[in-house]
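Read top to bottom, the protein sequences are chains A and B. Under my numbering, the first residue of the first sequence is numbered 1, with each subsequent residue one higher. Under my numbering, the first residue of the second sequence is numbered 354, with each subsequent residue one higher.
The reader is advised that the hints may include incorrect statements.
In the EDC-like style, the derived pairs of lysine to aspartate or glutamate whose C-alpha atoms are separated by at most 16 Å in a straight line are [stated by the list, open to error]: (1) B:Lys571 <-> A:Glu219; (2) A:Lys218 <-> B:Asp509; (3) A:Lys347 <-> B:Glu379; (4) B:Lys407 <-> B:Glu422; (5) B:Lys407 <-> B:Glu440; (6) A:Lys347 <-> B:Asp509; (7) A:Lys210 <-> B:Asp509; (8) A:Lys274 <-> A:Glu219; (9) B:Lys700 <-> A:Asp179.
Just so you know, these hints were derived from the structure itself, not from any lab.
There are 2 protein chains.
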Amino acid sequence: MATMVVLGSGIMATALSFPVTENGHEVRLVGTHLDREIIDSIQKTGVHPNLGLKVNENIKAYQLEDVAEAFEGADVVMCGVNSFGIEWIAEQFKTLLKPGQKLLCVTKGMRADEDGTLHLLPTIIQNALPKELVDQVSWNAIVGPSIAGEVAVHHDTCVVFCGHDQDDLDYLADMFRTDYYHVWTSLDFVGHETGAATKNIYAFAAGFAKGMLEAAGKENDKYVMYNYSSAVFAQGAKELIHFIKLMGGDPNTGIGLGGVGDMFVTSMGGRNVKAGTFVGQGVPFSEVRSVHMKGVTLEGVAAISVVGKALRALTKRGVIKEEDFPLCRFLYSVVEEDHPLEMPWDKFFANLK
Amino acid sequence: MATMVVLGSGIMATALSFPVTENGHEVRLVGTHLDREIIDSIQKTGVHPNLGLKVNENIKAYQLEDVAEAFEGADVVMCGVNSFGIEWIAEQFKTLLKPGQKLLCVTKGMRADEDGTLHLLPTIIQNALPKELVDQVSWNAIVGPSIAGEVAVHHDTCVVFCGHDQDDLDYLADMFRTDYYHVWTSLDFVGHETGAATKNIYAFAAGFAKGMLEAAGKENDKYVMYNYSSAVFAQGAKELIHFIKLMGGDPNTGIGLGGVGDMFVTSMGGRNVKAGTFVGQGVPFSEVRSVHMKGVTLEGVAAISVVGKALRALTKRGVIKEEDFPLCRFLYSVVEEDHPLEMPWDKFFANLK
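Only chain A is shown next, with the shape it has when bound in the complex:
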């Protein structure tokens, strides 16, 4: 039996502890400084307050001050913070990560240099660590359509564990596989991580139609706006696959769990979709951010800000063309420049054969 330590006790990291513990492994769940109440609750009642569920008995919860103890002898380390915490966790890993450990990243997002060069989040962690340590740790990630709570209540979920070493992937997949948690493995780490990071961009746009209908008083009409959302989904799928190519991944990865599958689940709801709904209602995004969803973590919007800005720099450098990624560019103008919701349909679906 193996031991997994999880740093970050949000709903996704916690939910993923269910299949692992059900397979008889030990999970040590460590809260960040922001997770104090979550860990308190689990320690006292066993209940994760945001997930709304009691965790399994062999999940042991630790406050951050006990993190060193929790990492002691762990075989697997899960990076379980959200994308805003990636620089913080990289700092922690400097002293916590040990040679031979297998890292499993569930955090999704991107960072960009001033010249537009995009980086996946595991790269951000690696860049903060001594090169020797980086080479002695196994780097892996979980990708695919997973609403955390659905995993926790044992609903069928299909995911891809991606990494660089097939043996490590098999080891990790074995730890997690149950009759409801179905795991595939892939060596296309870059393609899968890129799909996972960019799908969040398009989830924001999945909320527009609902908001537009609400603003027009038509949300209960016989005919809603699935045509609109489907067209946005289709353009999103094209751009997601273009991002995979741009980052050097396998475009086929976009057609599957790590691309359109993940984008589908993300479009079904959540905070980014809700933020998009406000924009659909006609609220300028600056007001959504400062009033209606003040303080709410919006990873999709953050991805739009990072990637959208990078696209402008990449265009200037001639790495991509002006007409590439029209939907992502438009979403950037919505979230950063309060652009109204006039979808630039005529820029979509270029290069149809």
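With chain A fixed as given, assemble chain B onto it according to the hints.
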């Protein structure tokens, strides 16, 4: 101004008459023998009863006995029946279609020979006509995520007009384009028609999760089954693109309006999804067909029957492999052999890199 005659007055064909007439063109809507009441209603009140809307004033409705008059001098002929009517309409076209007319097909589906060779529906029409006439008619089709009623009430809709001649496509696109009906054109006729035909197969599976939740009394739980439906969607996307390749189309067509976009809208609801919901509840499909949805047109289920059977013949001939199209094969066993809903997850997502 051009004249379009539409044979078949179902909701899709009728809805598509809206943008055309709003552009000042004349539309002659001819009912089949099954559409008598629809045409009666439009002639008397202007209302299409199934669409639940009043049609535009320059849509003129004809009963089938006046079809020859309606075809007189028409520039464009729309094939507006559903897939069950394709052999019937081919018979009609023998005497009605005239050289120089542009055909625009909205009917989606497939037929198969005993040896598994698959045919798109326009091919079925062509095979029934004299070769000389086939060569003198322009063959085109409309593909993309379109719920009929949403077009009729002017919600943004993005579609692809596909065919073999760019000038004809431009002519047709010009007839239809409005500020809410956005038209692209493509010469990948086979790819687009294949995507449109096969997406219906997977819509049936989009209903399973809801039915399973209902059977378990969990449909109002905090956590539903989007992970399940997203995995099915992802495998469906892979198979849809595989079908496009098998038929000789451009696989890129699957990533866009004519593939995942169309599959997305079809998964949002409709009769095939409803039929799948019954199966999710545990009802054998033979009972769904004979009791719960008796007499209801199920084009997706029909596509599963035709294509699923063909896959077995194609496998025997070595055209495809045993492990190809596992979801479509499973759906075939559900609708033709009352197979229970045990999703063969382990057969999905093969060849991940």
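Handout entry: Given pair status - Glu219 of chain A, Lys571 of chain B, alpha carbons within 16 Å
Key = Violated - the C-alpha atoms of Glu219 of chain A and Lys571 of chain B are around 25 Å apart, more than 16 Å.
Practice task
Measure nothing beyond the straight line between the CA atoms of Lys407 of chain B and Glu440 of chain B; if it is 16 Å or shorter, mark the hint as holding.
Solution key: With a Cα-Cα distance of about 30 Å, the restraint between Lys407 of chain B and Glu440 of chain B is violated, given a limit of 16 Å.
Exercise for the section: Sort out whether Asp509 of chain B lies within 16 Å of Lys218 of chain A, counting only the CA atoms. Expected result: holds (14 Å)
Exercise for the section: Take a quick look at whether Lys210 of chain A and Asp509 of chain B sit within 16 Å of each other, Cα to Cα. Expected result: holds (13 Å)
Practice task
For the pair supplied as a hint, Lys347 of chain A and Asp509 of chain B, confirm whether the alpha-carbon distance does not exceed 16 Å.
Solution key: holds (15 Å)
Practice task
Please work out if Lys700 of chain B and Asp179 of chain A have their alpha carbons no farther apart than 16 Å.
Solution key: holds (14 Å)
Exercise for the section: Sort out whether Glu379 of chain B lies within 16 Å of Lys347 of chain A, counting only the CA atoms. Expected result: violated (30 Å)
Problem - Restraint check for Lys407 of chain B with Glu422 of chain B, where alpha carbons must lie at most 16 Å apart - result: violated (24 Å)
Exercise for the section: Assess, step by step, whether the Cα of Lys274 of chain A is no farther than 16 Å from the Cα of Glu219 of chain A, and give holds or violated. Expected result: Given pair Lys274 of chain A, Glu219 of chain A holds - Cα atoms ~15 Å apart, limit 16 Å.
Of the hints listed earlier, those the structure fails to meet are numbers 1, 3, 4, 5, in rising order.
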